[in-house]
Structure formats: C-alpha cells, structure tokens
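Residue numbers (this note's numbering), protein chains in the order written: chain H, -17 to 310; chain A, 7 to 330.
Quick caveat, the hints were computed from the structure, so don't treat them as lab data. From the three backbone atoms N, C-alpha and C, an ideal C-beta is built for every residue, glycine too. Some hints here could point you the wrong way.
[Claimed, not checked] Calculated lysine-lysine pairs in the DSSO-like style (CA-CA distance at most 30 Å, straight line):
#1 H/Lys41 - H/Lys8
#2 H/Lys8 - H/Lys(-6)
#3 H/Lys290 - H/Lys8
#4 H/Lys262 - H/Lys41
#5 H/Lys150 - A/Lys53
#6 A/Lys184 - A/Lys206
#7 H/Lys150 - A/Lys81
#8 H/Lys262 - H/Lys(-6)
#9 H/Lys150 - A/Lys45
#10 H/Lys41 - H/Lys(-6)
#11 A/Lys81 - H/Lys41
#12 A/Lys81 - A/Lys206
#13 A/Lys48 - H/Lys150
[Unchecked claim] Residues from chain H shown here face chain A by an in silico Cβ test under 10 Å; the list is partial:
#14 Ser78
#15 His89
#16 Ala114
#17 Glu149
#18 Ile238
#19 Val302
#20 Pro308
#21 Arg310
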Amino acid sequence: MNEQSLQEPARKAYRAMVMARAFDTKISALYKAGKIFGGVFLGRGHEAVAAAEGVFLRKGYDVYTPFIREQAGRCAWGDSVLESARSYFGSMQGISRGRDGNIHWGHPHEGTLMPISHLGAMASVVAGLMLAKRMQGITDAVGVVCIGDGTTSVGALHEAANLIAVEKLPIVIVVTNNQYAYSTPNANEFACKSLADRGRGYGMTTHECDGTDFLQTLATMQRAISAARAGEGPQWVVAETLRMCGHGEHDDASYIPAELRAAYADRDPLAVARRQMLEKGWMSEEEADAWEEECRDEVQRSVAQAQKEPTPRPQDEQWVATSWRPER
Amino acid sequence: MSVTYIDAIHAALEELLQEDASVILYGEDIAGSFGGAFKATKGLADKFPGRVLNAPIAEDAIVGLGMGAALGGLKPIVEMQFADFGTLGQNQMCNNAAAHFYRTGIPVNLTMRMPCGGTPGGGPYHSQCLEAVFAHYPGVHVFTPATVADAYYMLKEAVRIPDPVVFMEHKFLYRWLKADSWLEADPLPIGRARIARPGKHATVVAFSAMVPEALRAAEELAASSGYELEVVDLRTVKPLDTDTILASVARTARLLVVSEDFPWGGVAAEVIARVATEGMHLLDAPPLRVTAPDTPIPAHPDLWKAHRPGYENIMAAARYLISL
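So that you can see chain H by itself, here it is in the shape it has in the complex (with noise of 0.2 Å):
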C-alpha cells in the first residue's frame, strides 16, 4: 500500500486522537472533582493505536471491542464522545441507562460490545459474532480484538485466540504492551521474548509496531485489518507504548520507574502525530488548532448535555434481569 493511501485514514485518526485527549482531560478534571461515580480509564499513551483500530472499521458492519483506553478509538469508529459521557453520568440515554457505567459500553447491534470487567472474555465473543457473520454469506467483515499485556495472561484469552485460529475467523488481536498491568510490570506478566511470540504460537500472522509512532502504527494496523478483511486469516499485532497515565484515576502510577517515564517523554503519541503529519503536509497549522478548538468544545458540549440528562430513578427500576418471564 502507497504511503499516500494512508492520508486520509491519518486526517480521521488524528482528530479523534485529539477528541479523545480533550474527553479524556475534561473526565479526568470531572473526577477529581468528585463528580463522577466508580472509576475513570484514560487512554494516555494508546491513542495512537486505539485510533489506527478504529478508523480502518466500518461501524454496524464490523466488530470492534473496546477495551478500557480506546477512548480515540471510539472516536475514529464513529461514536460519539457523548455516548462515553452518557456512560459516566448513567445518563437514561445512554445503553445501560447506570445499569453499568464508565467504560463499559457498547452499541451491540452496531458492532461494539459492551465489555465485562473480566479480562479476554470478550474475544470469544467477538469469535461468536463472526462466526454468525460467516454462515449469513458475509465473508468481509473484520473483528477487532483490543487487549493489554495484561490480558495475554489470562486463560479464557487463551482459549479464544486458539479457537479463533482453529476456525481461521477474521479477527486481528491488537495487544497494547502499555508495561504495566495495573502495577505490575513486564516482568512478572510473561516470561517469553515479545508477546509477539504468543500469536506465531497460535498460528496466526504477527505484527509488531512502536505504538507511540503514530504513522508506523497507521501502516501496521492497515495491513493487520485488510489481511483479515481479504481471508488470509486471523491477525496478531503487538504494539508497544507506556501507560502514560495510573491505571485509573485513583492512581498516580508512582511504581512506574522515572527513567522509564523519561524515555517516553518526548513519545507522546498525541504530539508526536501532530509532528509527523504537518511534517508530511498532511495537516496545516491552522487546521490543528481548529480541530483541537473543535474537539474541546464538543467534550464540553456532550459533557453538559450528558450531565443534563435524567438519571436512573430508583422507585421505577423493576428489579428483572431476564426478557421473558412465566405466565402466572
């Protein structure tokens, strides 16, 4: 694929980038200021991959699975920052109506799912999903799969990459290596070279890219996504970046060490995409700043409607879990 090709999917990238940052700066203000209940997730460090995810997907034809840092990958997929602040306030309007809350929300008819909490139980499903795709004739449709390093530990992501390569299902697994999960770093995780290592040994194809590099990221998601899109199997990529935030906002992420934090102080995947695409005339100046100034006010839009907007009240909910009930 010629660079040139990638122009426009970095243009749409970038901007929910910078949404996501805006969404996430005004979340993160919310917080502290004790307006939000349960935890807040930022995607510090992951916007470069997160958005390389998204903006390849067609949303309400392929699946796309959030995990908790895909804030700018939202965006590129085409959901609005409105629809994460419904899920912070427990908006009436939004899918859970504060049934659940913060990250986990999702459009499932639309192609998102709403992710439970524990970690890689949602590739099995999403294994599910295109599998139904694929006895109803539709042959082109893509999965995406997002994990952290974390994640690769656990059995039931195991289980679900394995029996994804089994049914050679179009799936690409994005790992996001953020180095801690939670606070454990690397080391303790995994014992294998790359997590590169765990795809071959399912038998998929590997691709690895510096995930703070915003256009090698680019590339390498293309052709994960059109691999898995043309039939050529399921896909594994490994991106590299840091955590550049705690794990929530509860945490000041003091174990990660200061020289790792100094190596990555000039890698912010935020700034340095903003480099790389005026450095390629891809973006002006200009457009930049209308687009940051854009972005904000839309965060501070759809934060006030969501704030606005009716909470669950307690004296209507119904207390029933299930969609059909016995005739009595």
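Based on these hints, arrange chain A on the given structure of chain H.
The following block gives chain A in isolation, referenced to the frame of chain H:
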C-alpha cells in the same frame, strides 16, 4: 415403541435444526461420526452440514462463542461434555451472557446443555449437579427436566426463550428413563411445577433424577404404610414455581425437599426458605431436606450409592416427617 430421555434430546435437537436455520450446535466431540460423548448429536453433523461444529477443549471460549453467535442473530446450543466442566464456562454464562439483558436491554438467546448428575463410577468430576451455582446468578433460566416428554419439550422451549438457558439433562436418566413417546398432548408451560403424584400426608419437592426416586418412595410408602406423599416436580429450578409448592404444602402441611446436589446454598435450601418465609403458617412440622452429604462425589459405586439420595432415604425422611 419405547423411547428414552436421550432419544428425546436427540429428537429435539434434530427438530430445532430442521425448523430454524439460525440454530447451531457447538461443543467438544459433537460433530463427525462420533456425535458426542453421549451420542446426543449422533448423525446431526451429516444431516446439517456446517451447523454442528466441533470445538477445541475450551469451555470458557465455547460459551463465549455461543454468546457472540447469539448477538449475531443465531440461536446457538452449546454443549458442555459434562456439567462438571460447566464451571469453566460459568464466567461467560453468568457474568457475560446472563448479565447482558439487564445491562443493555438486549437478551442473549443462548442454550447451554449440561449433562449432569451421578452415575456409578462417575466420580468427583463427572457427576455433579450445578443447577444451584448457575441459578445463583441473575439473568439465567435453569431447566431440570425429569421426564422423557419434558426433556424434549423443555429443550425446544429453551431455544425459543430469548434469554440464556442452562439445560440440566441428567445422565442417569439418559438411557434408564423410558416412555412410549416424547410427545405430550398438552405440556405444562415452562415455569410451572407439576404434581407428579397427588397425595395428602406430606409434600415431596424434587427435580431431575430425584423425581423418579421420590415417586418410587411414594409408591413403597403407600404400599407399606398407607401414607400418601404428594410429589412436586419443579421442572425448572429457576424460575421457581413457589405458587404450586405452597398450594401443595397447604394441602399436606408437611414439606420434604429432595436434591441430588450438595446441601450448601442449594435448591433445597431455596425452596425451604421460600416456604418458610411465605407459608410458615401452612406447616405443621419443620421442613426437611434430603441432599447429598457435603463432600465431593465418591467414585466407588458402593460409596456413590451411599452419597446419592435415593428412594430409601426419601422414605425414611418422609416417615420421620409424618411422625412429627
């Protein structure tokens, strides 16, 4: 002609595949000429190409795949080779599929077949009854058929109902329980318990393989002592038909609950809790239960027979209950 409980399950699976193109079967060893560890799917892979699929040994992923296929518009029936291994699929069933409707308003039309219960020599890991641990979670229905006709009818209903259903099919009943036909003129709707035998001296609530044991106990007790036990077959432990149980207790004033499962937090405890909280005034004696002891299920047939509740235990408990 005589048919068995497993014949009824096979027939239901075949008809489901025939009647609805969105039905698929997924599980370990179910395809090819093998047709499953208990032959419940024998011949179906040939008859319905591409819709009866072998899975790797991965119970978590099998149930997860089933959930995804259901969200994708199919009506998957996944098989755990033994219910005991259902613990490995439990996270997907209980935390993912079962919670989905409450969290999103979108039900997951997934049926999980669980060959359960003890057989001689089965041992600790091929014998368990896990209805209680699945029923513990919100969002799931748990079916426990005790007759050939219910094995057929309730499996078909499990797929018709849009929510996750755990279908506990008892391995001891597979080839032991026989009937003239699996078809019943007017089956009771799902969610209604059945008066399997009317009686007046005590109510015995049972389900799954304990229903034939309770019926035998009732016959022998009637013959030897003239006491008439009323046997209630729960059919589904979730939903639990408290109304039918309370109506029976209102007639007999005595309650004995029988479960093959371990005692702790089981279905027997739940039934007694409901009768105690909603119908204490109906009881002339404390409610009793007969369950397995609180140990793993032993392998040796002599030990297993002593571990598993049978008609003799039920008779003894009933005699004691009536004497109170």
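Is the hint on H/Glu149 kept, meaning its closest Cβ partner in chain A is under 10 Å away?
This interface hint holds because 8 Å falls under the 10 Å limit.
Straight-line Cα separation of H/Lys262 and H/Lys(-6) no greater than 30 Å?
Satisfied, since the Cα-Cα distance of roughly 15 Å is no more than 30 Å.
Pair hint H/Lys41 and H/Lys8, alpha-carbon separation not exceeding 30 Å:
holds (26 Å)
Classify the hint on H/His89 as holds or violated, based on whether any CB of chain A lies nearer than 10 Å to its CB.
This hint holds: H/His89 lies near chain A, its Cβ roughly 9 Å from the closest one there, short of 10 Å.
Given pair status - A/Lys81, H/Lys150, alpha carbons within 30 Å
holds (21 Å)
30 Å limit on alpha-carbon distance, applied to hinted pair H/Lys41 and H/Lys(-6)
holds (14 Å)
Please work out if H/Lys262 and H/Lys41 have their alpha carbons no farther apart than 30 Å.
At roughly 28 Å apart (the allowed maximum being 30 Å), H/Lys41 and H/Lys262 satisfy the hint.
Would you check the hint for H/Lys8 and H/Lys(-6), treating anything up to 30 Å between C-alpha atoms as holding?
holds (21 Å)
Take a quick look at whether H/Lys290 and H/Lys8 sit within 30 Å of each other, Cα to Cα.
holds (16 Å)
Residue hint H/Ala114, partner chain A, criterion CB-CB below 10 Å
holds (3 Å)
Taking 30 Å as the top limit, are the C-alpha atoms of A/Lys48 and H/Lys150 close enough?
holds (26 Å)
Identify whether the interface hint at H/Arg310 stands, where standing means a beta carbon of chain A within less than 10 Å of its own.
Holds, because the Cβ-Cβ distance from H/Arg310 to chain A comes to roughly 7 Å (cut-off 10 Å).
In summary, the numbered hints that this structure violates are 12, 18.
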